[in-house]
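Protein chains in written order, with our numbering: chain P, 22 to 737; chain H, 22 to 737.
These are calculated hints, taken from the structure and not from any lab test. Hints are not guaranteed to be accurate.
Since the list gives no way to pick out one identical chain from another, each pair is judged satisfied if it fits inside one copy or across any two copies.
Claimed, not checked - For lysine to aspartate or glutamate, the following EDC-like pairs were computed, each having C-alpha atoms within a straight-line distance of at most 16 Å: (1) Lys379 to Glu668; (2) Lys253 to Glu313; (3) Lys332 to Asp154; (4) Lys620 to Asp362; (5) Lys672 to Glu355; (6) Lys253 to Glu236; (7) Lys614 to Asp362; (8) Lys235 to Glu684.
Number of protein chains: 2
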Amino acid sequence: MLVSALITSLGINFGLCVLFFTLYSILRKQPFYYDVYIPRLLVEGTSKRRSHFNLERLIPSPGWVRKAWKLSEEELLSLSGLDAVVYMRIITFSLKVFLVAGIIGIFVILPVNCTGDQLEDIDFADFSNNSLDVFTISNISSGSKRLWVHFSAVYVVTISIWYLLYYEYKYISSKRIAYFYSSKPQPHQFTIVVRSIPVSVGSSISDSIETFFKEYHPSTYLSHTVVRRTNKLRGLINDAKKIYKRIVRLQGNSTEHKYGRAGCFGLFGHKVDLVDHYEKKLENIEENVRLEQSELSLAGDEIPAAFVSFKTRYGAATAFHLQQSINPTRWVTEQAPEPHDVYWPFFTSTFFRRWISKLVVIVACILLTILFLLPVIFVQGLTNLSQLEVWLPFLESILTITFVSEVVTGYLPSLILQLFLKAVPPIMELLSSIQGYVSHSDIEKSACNKVLWFTIWNIFFATVFSGSVLYQLSLILDPKNIPARLAVAVPAQASFFIAYVVTSGWTSTSSELFRLIPLIGSLITKPCKSNTDDELVVPTIPFHRDIPRLSFFGLLGITYFFLAPLILPFLLVYFCLAYIIYRNQFINVYEPKFETAGKFWPIVHNSMIFSLVLMHCIAVGIFTLKKVSLASTLIFPLPILTLLFNEYCRKRFLPIFTAYSAESLIKKDREDQNDTAMDEFFDKLVTAYQDPALMPIQFPTNNDSLHSPLISSAEV
Amino acid sequence: MLVSALITSLGINFGLCVLFFTLYSILRKQPFYYDVYIPRLLVEGTSKRRSHFNLERLIPSPGWVRKAWKLSEEELLSLSGLDAVVYMRIITFSLKVFLVAGIIGIFVILPVNCTGDQLEDIDFADFSNNSLDVFTISNISSGSKRLWVHFSAVYVVTISIWYLLYYEYKYISSKRIAYFYSSKPQPHQFTIVVRSIPVSVGSSISDSIETFFKEYHPSTYLSHTVVRRTNKLRGLINDAKKIYKRIVRLQGNSTEHKYGRAGCFGLFGHKVDLVDHYEKKLENIEENVRLEQSELSLAGDEIPAAFVSFKTRYGAATAFHLQQSINPTRWVTEQAPEPHDVYWPFFTSTFFRRWISKLVVIVACILLTILFLLPVIFVQGLTNLSQLEVWLPFLESILTITFVSEVVTGYLPSLILQLFLKAVPPIMELLSSIQGYVSHSDIEKSACNKVLWFTIWNIFFATVFSGSVLYQLSLILDPKNIPARLAVAVPAQASFFIAYVVTSGWTSTSSELFRLIPLIGSLITKPCKSNTDDELVVPTIPFHRDIPRLSFFGLLGITYFFLAPLILPFLLVYFCLAYIIYRNQFINVYEPKFETAGKFWPIVHNSMIFSLVLMHCIAVGIFTLKKVSLASTLIFPLPILTLLFNEYCRKRFLPIFTAYSAESLIKKDREDQNDTAMDEFFDKLVTAYQDPALMPIQFPTNNDSLHSPLISSAEV
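Just chain P, with the same shape it has in the complex (with noise of 0.2 Å):
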């Protein structure tokens, strides 16, 4: 790729980057457009729609940028939990760590790169037309003593990242503690779930339940619930809730409503006969609902796994810790979620399905993964002009022009790649919730961690090897060359991997901010809907999608950064847009869904330090390549040091992450001894986990127009 490529690319980018900066700052002030960009102070009723217009809404005024520059760590802990804090550092971490790398990088690396004789020399009169390989290692010759500075780059660069690693898990490790001895108490807290509860022939697995807790937790069991199977519940409670939202918008359009703007295309004409017809309708599911929940109440369909609470969070965690029973299959115990984060529908499998489940999980990942090649290839056949030119023989006259053969080459592999990548993240979040487990917080952290080392094998060495030894994947079975292969493939991907950082990175952060995808939705269905802020959701910050790009990115930069140091700044750029935007959108978009309290911190350590032994192997392999082998020597002590150093992390700082300790938990729970509103918490942990579909429906209660059998009947 040639400097004008990247310059093209760049531009188109920085266009883009700007556009969505001036319309979010327009728009953001348009009452229209409230539910998409702040919807959360809409809800929380900080904001209200003003309708009156005034010429300041037009100007785009930067004024949001200072004040989510202004948020302290505090504000947003108190806003957003500490997952947002966590999620806040990895993207400050990340600045600290391209910092230090980006000024060797920049200021060492990069003249040397520059002014070595292994390409032709850099053609300042005509600086466009120099091809990006100029500017990495390739242009450094072998054997030479320049190499020098990029193996003590290496070294300097991987001695600060420990550092910064090692202090950010104990920073983190100290916050969640501190969360903790902060929190009040919570359900799940004192909350485990059990299961693979046995059951003696007559006797009920509630009966079960009681018999084993208070025969062996006497002193500290207090109650339990026992889950049971409410998908044909869920179902129905979930029409009802449809039709009573269609019941709303029929009578909406009757009446006169506040912002004018209204009505679905249509149906007027029998409007009366409608309602009246989807009442009837919403009246008998409502029947339907009430039997199916005092049939279940009674006795059917329970499944053998139940939310066991206990009086004190230690006594909880004892029975968490010790294997309860002698068959270690039975009664298998688990950590409660918090109760509005438990996923239902994972109860109904057993031991032996979710086990085989989340086999058939795997294999479909890995299935994913093979299949999602293809477009790679494809997206990789593009930056090779001459080959794209062999397959579709008729664009050879359009190619041939300047601008988009630059286009093409610069900028649309990198596009298809991420509308593809885009599929990604829902469908592991899909793959996760069949996996098995008990909480949304769970499902969304595998999902991390799938979309993560999918993303690293589809991106990263798919498109490393693609160019040149695709066609041999099953070669990398050879581990032993792995070095040497890295070493000729990494640094001819690196124009490719700058414009990707420029694209993906900018592009994905400016519309995160624009929220194109939710705009565009929100243009489209806002005709058909009445204009309650009541029934909007606020969205939770997809951390599945948005913690494995960031890692990426971190992985680009730390593989890339001796061998080609320009990718340093647009990464710094791309993580100061991140830091600015996320911090503003956490503020007036996102709010929290769960609090996993910072365990969400050691996949990015773990990605961190993976890339780091990556980055290790190519040295090696590039070393190896150059004919600096004392080099490739004494790099070896780096990889081998970093994952003793992740080891120590893992026994130092990882058990934080899992569980509490006994001497916080009996902290804890001494000092709600003398607490008075504690029996009142009690009171309420009883109930604490009831799956909602067994609790009266709520209709959202605004419309007192609307006659609600319901919420009257639940009443009696």
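Starting from the known structure of chain P, fit chain H onto it as the hints suggest.
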């Protein structure tokens, strides 16, 4: 190798076995050898040395075989504990496996192999000149339909091994639980080891422990014993004991003694002076010991590690399972070993030093494994006579003699290997002991694992690959080609391993019966010893030497059963011998030193799973090589299913072997609640984990004539 070479080897070893059996049957009845052959009975006092002579003593009698045969599992359990039972179950398990494999191998596969047409036909006229390869799969021509017989055999044997493994794991688990239920209260059930205890300035370690456990385990905490650095003291005490023995021996020389034979050579002249001299020296040392002890008891040299005892088993288990401190590297807990099983020198290392020493041990093991390849190469040279003649040309004339060449190719290689291998278990035990384990049993378990993998690697893989690709050992890093390489190399070594089973297996087992080395040791040292049985140390069975050997023969049998079924009868004989001989040794010789309650079984289980997967790899390679690609494809599910089976067993049974469940702990605790003997037990528990070095020196008290100043002073 020719059939005749095998027959020679068979002859030698059969002769050796008969010789050992006969000699044993005679010598075991001679009182002079009681300390070699029935030390256990001697110490227990069930057998007294009878000095009267009768003719019967000189006639070999097989009574011991009947006695060993009749021993029931319950008797063995009460005699030698659960570990011995598990050890015998390993042998009966192997017998079952190879009975199934043997029937299929001998009656189905062997005829199929023999009637193959790849090599020349069997020459029944001159049977002993047939190559052993005629009996192996090498005799089947490529693409032959007969290979489907082997294919079916692989399936049948794999499935039956799954069944047997499952059944065995289940049986041993149930035995382990039953053992726990029937056990009396034991100190280690109520105790945990705590390490890395943080100490605040101004307070002692003891205070720190007291504060911590009274704070967080007020209801169950009982007492603690801080570990002290007693290396110096142990040295002094050992000196004292040595001198004491010397005095006893000197005094013994001057008095009458019962069994005649006595006296060390020389030194008789200044006997009285010597006794005086040594008694003074002893008094000196005892004075030092007492000083050191009182110094230690006061404050000095405490190590931040302690045995903490609880009032209930459940309390101890809770403290063990939960992470105690916020910092996971502080207050690290571990299950306590039995008091006499504690390995005291371990405590000198901190968390970080233990971690480092573990790494050092791993590196040492790898180095040892690599260095050990040298003798293996040499041994492999011997099986290639022509190569040996090239190396050592002067041997050419001798090697032409048929018998010599048969001994050299058939017997010598495995004998040499055998001798080198003798050194491995002690070295591995030494390595394990510096790894920071708390107890002898842990050290032995870890050594057992090390020896097993060492054996598999250095005997199986090194032998298999040395003939063809030892010089390219690094090529094993090429996983894709492993099956193909194995398929070429493994069958080629069939004859070596058949000979190995006969020489190493048969001879080592019968020399285990004959106790060759202890016998020689006893013959050398006896003239110097005064002849009291109290000095006699009853040996313990070295599990870390014998379990890997049994497992390795299991691996050989499983990998070779369809390649060279001729190995199976020899293996069956081996396991039958082992069955009788080890039962006899458990009755007469070995005494249990510790009780892990079956924790050795998972090691054997893992090695079986590894053998199965290895066998499947070889089968895939063989079927590919023989151009039956459908069969090699159809084998693929087997290793996957084997690994899944293993995964299931890990979930279903392994937790039982790491810790007891809450259910069983609480049941046992309840049983004890009404037991009046418990108060006494708790009194003892407080001092159970005293370092023996801190207790008054206990000299054997049988010799009343000797003035023992320390015992009296300790009573003051």
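The hints, checked one at a time:
no. : hint             : in the structure
1   : Lys379 to Glu668 : between (27 Å within a copy, 13 Å between copies)
2   : Lys253 to Glu313 : within (9 Å within a copy, 77 Å between copies)
3   : Lys332 to Asp154 : neither (66 Å within a copy, 72 Å between copies)
4   : Lys620 to Asp362 : within (15 Å within a copy, 40 Å between copies)
5   : Lys672 to Glu355 : between (21 Å within a copy, 15 Å between copies)
6   : Lys253 to Glu236 : neither (35 Å within a copy, 50 Å between copies)
7   : Lys614 to Asp362 : within (7 Å within a copy, 52 Å between copies)
8   : Lys235 to Glu684 : between (25 Å within a copy, 12 Å between copies)
Violated hints, listed in ascending order, are 3, 6; each of the other numbered hints is respected by the structure.
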